[in-house]
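S.K.: What follows is each chain in one-letter form.
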Amino acid sequence: MGVMGKMDEGSAKGAREYLTFRLDKEEYGIDILKVQEIRGYEPPTRIANAPAFIKGVVNLRGTIVPIVDMRLKFNCDQADYNSFTVVIILNLRNRVVGIVVDSVSDVLELSPDHIKAAPDIESVIDNGCILGLGSIAERMLILLDIEKLMSSVDMGLVPAEA
Amino acid sequence: MAEVQSAGGGADFDLSQFYEIFFEEAGENLDQMEKMLLSLDLTQADDEELNGIFRCAHSIKGGAATFGFSDVAELTHHMESLLDKLRRHELQPAPSMVDVLLESADASRSLLARHQAGGEGDSLDTSDLVRRIAGLAAGQAAPAPAPARAPAPVAVVAVEPAVSAPLDEEPEASPQPAAEAPAPAPAAPPGTRSLEIHVGPLERPEQAEAVRELFRDIPGLGTIEALPSPQPDMRAFAVETASSDEDLLDLFVFHVSKEQVRILPRAPQEPVDPDEIEAQAAARRPFGFFHDAPGSPIASFGLFEGAPGVPEGAQAGGAQSEQSSASAPRTAAAPKSAQTALEASSIRVSVSKVDQLINLVGELVITQAMLAQNSQGLDPSQYQQLMSGLADLDRNTRDLQESVMSIRMIPMSTVFSRFPRMLRDLAGKLGKKVDLVTQGEATELDKSLVEKITDPLTHLVRNSCDHGVEAPDVRIAAGKAETGTITLSASHQGGSIVIEVRDDGRGLSREKILKKAVERGIEVNDQMSDSDVWGLIFAPGFSTAETVTDVSGRGVGMDVVKKNINSLGGSVDIDSVEGYGMKVSVRLPLTLAIMDGMSVRVADEVYILPLSSVIESFQVEPETVSTIAQGSQLVKVRSDYMPVVALDKTFQVPRNGDAREANIMVVVEADGSRVALQVDELLGQHQVVVKNLESNYRRVPNISGATILGDGKVALILDTGGLVRRARY
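Protein sequence lines, in the order shown, are assigned to chains A and B. Using this note's numbering, you'd call the opening residue of the first sequence number 7 and step up by one each time. Using this note's numbering, you'd call the opening residue of the second sequence number 4 and step up by one each time.
Everything labelled a hint here was simulated from the structure, so no lab data went into it. Every residue gets a Cβ at the ideal spot worked out from N, C-alpha and C, and that includes glycine. Do not rely on the hints blindly, as some may be mistaken.
Just a few of them, taken from the derived set where beta-carbon distance is under 10 Å, the chain B residues facing chain A [unchecked claim]: (1) E366; (2) Q530; (3) D533; (4) V536; (5) I631; (6) V656; (7) G660; (8) L696; (9) R701; (10) K716.
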């Protein structure tokens with residue numbers, strides 16, 4: 007199959023596939039292998055005393071999954087909840103988490119030549135969680151280490167070890 | 004020493020897939036053996052018990068020999084010899100024997116663990132244990148009934164066939180039953196014989212090589228040499244062995260079937276004398292009686308045609324018809340076959356399968372709840388059959404889920420089982436005399452809790468033994484019995500399981516604890532209640548022990564115990580009277596995946612309360628709620644005042660401008676006290692499937708889990724214990 011051939015070629019060069027999504031005006035990319043599914047947004051059940059960006063939990067075919075609104079976490083200007091709002095369900099080492107984004111674009115294959123190191127600037131995102139900046143055509147993608155980001159203590163998903 | 008290879012080059016099947024089963028069952032046999040050894044009454048040893056212990060050793064030996072774990076086979080073989088003497092009443096049970104057998108069981112365990120881990124590292128040296136066992140077996144040998152048949156017992160240990168795992172098709176009747184001497188015949192070595200063994204016709208004559216390897220792998224079996232083959236598809240061997248024909252056949256059966264083996268005597272042969280035959284019969288008889296024991300574990304591999312039931316039944320019959328004067332083995336045969344029938348009726352299932360089953364039943368309950376909810380609006384008269392069908396479904400689902408839930412529940416006895424041994428060793432080490440009493444072993448709790456509760460309980464028992472129970476002379480001076488008692492009990496109370504560790508030792512000293520607390524800078528005062536003072540010992544690093552033993556006293560125990568138990572959603576309480584003893588109560592929620600819940604509404608949100616903790620509910624007028632200092636509120640319930648927990652405040656539930664209409668109080672009891680929860684409305688009562696919040700999220704205070712309602716939405720389940728504790732402070 008063509009796809010398989012392409013994958014072999016790509017993996018030979020160290021390229022990985024990234025799912026790209028949009029938050030406000032920026033485009034981000036995350037490792038496609040960590041994505042379990044993509045769903046529409048449904049209002050989650052609120053959990054008391056959780057940080058504002060953790061909207062609550064939803065029922066995903068019997069599993070309780072927390073929903074994190076990335077737009078709130080990254081201090082974006084707007085965070086609407088309409089029929090176009092998308093939730094990306096991630097499976098990070100058997101922990102299932104959902105993230106709310108504005109929209110999902112496509113799956114791109116990026117080889118290391120297309121990825122530049124991210125400049126060390128002060129930002130909402132801890133620099134350790136940025137794999138680099140990918141560029142393809144005219145687009146600039148902020149490639150995230152989504153697993154590291156979601157497991158970080160300030161995301162509030164993983165209990166801080168006492 | 005042959006390591007973990009598939010036994011014999013010619014094996015048609017790879018035995019390694021059976022290793023896990025063997026390791027599990029060997030572990031169980033070792034546990035069983037230890038338990039029986041500990042409960043053995045040395046003055047009046049019960050025959051049934053002795054036989055049981057023997058069987059355990061025998062089973063392990065058999066499996067170990069099969070898989071080529073010759074170090075384990077050798078050690079258990081020696082244990083078996085000693086046990087055989089004990090059960091035939093040739094030796095009187097002594098504490099030193101129990102000690103060495105227990106130590107040997109431990110050694111076997113670590114040998115097996117090493118094999119299970121791949122056989123790396125150094126093997127444990129068992130020669131000292133073997134020497135001791137042999138010494139005990141020899142040193143107290145009962146005077147032999149006839150000099151002719153009394154070779155040195157030490158020789159018995161070495162020469163007796165180190166073979167097991169027999170599974171005969173036919174029971175072996177002793178050729179001279181009536182001619183037995185009144186005393187049970189000792190298992191005298193039959194004497195080494197010279198045999199010629201022909202193996203064939205074989206499709207692959209190389210299979211016979213496996214037979215040769217057996218002689219190499221099993222110590223004491225004998226010597227083997229190849230002879231020129233009579234025919235191309237046959238092999239012949241010259242064998243010198245002390246084993247009986249039957250034992251040899253049993254060994255070979257793993258590689259070649261019995262019909263293919265012919266054992267012939269070889270030229271120089273000892274004169275066959277009645278003693279010889281008798282001794283051979285004696286050597287055979289134990290296998291004849293008890294092969295159903297090793298038969299069960301091995302038969303589970305499905306390697307042999309004979310179903311465990313068949314030879315056993317025949318065996319029991321054969322045993323009973325025998326005129327042997329050895330009454331012990333005979334009486335054991337009948338109840339034993341009943342026991343093995345009981346064992347055969349259980350099945351080994353992996354935990355993941357059970358969990359999967361429970362999940363599926365959980366989903367079924369959700370679907371059924373949804374159907375029930377959606378059918379509420381239907382006209383009963385029109386949909387009568389549908390409604391009655393749904394009612395049946397409701398009942399069946401409930402029954403199904405109860406049965407499935409009970410699969411995961413195992414009795415507390417599995418937790419308690421390790422304590423007799425531990426306490427015995429500990430008391431011995433500390434020079435104290437302690438009895439262990441267990442109550443409520445049949446109380447069941449979820450398997451996942453069992454694993455987690457063992458460590459805290461172990462610590463509590465060690466504490467009681469080390470610090471609680473006094474030394475024998477101190478006890479006598481205090482007018483108590485020399486032997487202290489530690490009681491472990493388990494019971495169900497409401498929706499929890501309560502486990503208590505009680506001792507009749509010196510108890511806690513209030514003064515000492517207060518003094519220590521002051522030393523450590525903890526704020527205390529003399530007005531503190533006793534239970535608060537006892538609670539101080541949970542502070543990290545707290546210990547009033549004068550001397551630190553390697554068992555306890557460093558003060559790192561109690562706070563870890565409390566933390567562990569709290570993390571399971573439980574609580575610990577202490578009660579003590581100085582000079583009389585101490586009681587530690589551990590309360591744990593019964594982890595049920597499906598429970599009965601009451602749903603309540605707070606503003607726009609739905610919460611679930613475990614029905615087992617709900618006592619009552621009523622409507623209130625704002626006037627009956629009184630406020631005391633610091634904003635806490637109390638409500639009067641008949642003659643009692645109870646703290647109020649307003650759920651909308653606890654969970655910061657947003658109210659969109661509507662007037663607060665929280666005027667329903669639900670009284671819940673948890674952790675020994677009651678609070679009234681203030682809610683807006685009672686929605687109903689139904690079964691909920693408890694989903695774990697922590698698997699993908701984290702632990703939320705006051706919430707014990709989540710569930711999925713009939714409409715697919717998630718509702719949070721309240722942790723009533725947590726709410727009650729909150730209200731206390």
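S.K.: Run every hint past the structure and note whether it holds.
M.R.: Structure-based check of all given hints:
1. E366: Holds, because the Cβ-Cβ distance from E366/B to chain A comes to roughly 6 Å (cut-off 10 Å).
2. Q530: 32 Å, violated
3. D533: Status violated, d = 29 Å.
4. V536: 26 Å, violated
5. I631: 25 Å, violated
6. V656: 8 Å, holds
7. G660: 17 Å, violated
8. L696: 6 Å, holds
9. R701: With Cβ-Cβ at 4 Å, under 10 Å, it holds.
10. K716: Cβ of K716/B sits 6 Å from chain A, so the hint holds.
Hint violations for this structure: numbers 2, 3, 4, 5, 7, all remaining hints satisfied.
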